[in-house]
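First residue of the sequence shown? That's 13 in the numbering used here, and the numbers climb one at a time after it.
No lab work stands behind these hints, which were simulated from the structure alone.
Cβ coordinates follow ideal geometry from the N, Cα and C atoms, glycine included.
One or more hints might be untrue.
[As the list claims (entries may be wrong)] Computed list of lysine-lysine pairs in BS3-like fashion (alpha-carbon distance at most 25 Å, straight line): (1) Lys-188 with Lys-236; (2) Lys-236 with Lys-181; (3) Lys-188 with Lys-217; (4) Lys-216 with Lys-188.
[Unchecked claim] For each label pair, taking beta carbons as the anchor points, the in silico distance ranges come out as: (5) Ala-92 with Ala-31: 17 to 23 Å; (6) Pro-114 with Tyr-204: 37 to 43 Å; (7) Pro-164 with Ala-31: 34 to 40 Å; (8) Lys-217 with Glu-121: 30 to 36 Å; (9) Gly-36 with Glu-145: 37 to 43 Å.
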Amino acid sequence: MKLLLVEDDPAMQATLQRALERRGMQVVACGDGLRALERWRAGLPDVVVLDLSLPGLDGLQVLEQARAQELRTPVLILTARGAVGDRILGLNTGADDYLAKPFDLDELEARIRALARRLPGTAPGGLAAGAPEFCGMRSDPDSGAVYFNGAPMELAPREAALLRALLAKPGHAVAKERLFELVFPGEPDVHYEAIEVVVYRLRKKLADTGVELVTLRGLGYLLKAQP
Numbered sequence: 013m014k015l016l017l018v019e020d021d022p023a024m025q026a027t028l029q030r031a032l033e034r035r036g037m038q039v040v041a042c043g044d045g046l047r048a049l050e051r052w053r054a055g056l057p058d059v060v061v062l063d064l065s066l067p068g069l070d071g072l073q074v075l076e077q078a079r080a081q082e083l084r085t086p087v088l089i090l091t092a093r094g095a096v097g098d099r100i101l102g103l104n105t106g107a108d109d110y111l112a113k114p115f116d117l118d119e120l121e122a123r124i125r126a127l128a129r130r131l132p133g134t135a136p137g138g139l140a141a142g143a144p145e146f147c148g149m150r151s152d153p154d155s156g157a158v159y160f161n162g163a164p165m166e167l168a169p170r171e172a173a174l175l176r177a178l179l180a181k182p183g184h185a186v187a188k189e190r191l192f193e194l195v196f197p198g199e200p201d202v203h204y205e206a207i208e209v210v211v212y213r214l215r216k217k218l219a220d221t222g223v224e225l226v227t228l229r230g231l232g233y234l235l236k237a238q239p
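Work out the full structure: start from the sequences and follow the hints.
Here's what the structure looks like:
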């Protein structure tokens, strides 16, 4: 596994790099935001571990610019900012997971490996990433991106994960519990209702596509073609 570690504290950076390399990961480390973007683009890591307090660009700016440049690598935010507001801001910017300092190395490794299992081209939870086209919409099994009429859709990672899951079974309900497992894998601290926030955001982005995200009370969610 190729890992990009972005941490500005030299001692913390060195400690984490040694520990993760001992656990079988290939780690590239850097300590500022501008260099992080360059390393990200050049190395295409499997997972990015990103501190928020960085010189040059802070972690949220790095993440925002990376997502704007279609860099969809799963991101774990690692920071001393433990407030709920900071966590929500990071997740809304495009992070996939959040771990506050101090932390346990075993938990860090487990979270990194959970994110790596969501790499483009793999089917989370056994659902096919390359589902057939539905109303001009399809997911690319190689990149994990979702396309509409041949153009990539601008989706946050969680929105893309949700849409890929629904595209695997268009017209059929997928249980809310199942979608939560696919969109928030290995994240016991995330509230169950968080899936509704992702559904709400994705529904807005589907408004002009001719595809409707439908809520079926007690059953889950499905995609259907608008009349």
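Flag every earlier hint the structure violates by its number, smallest first. 6
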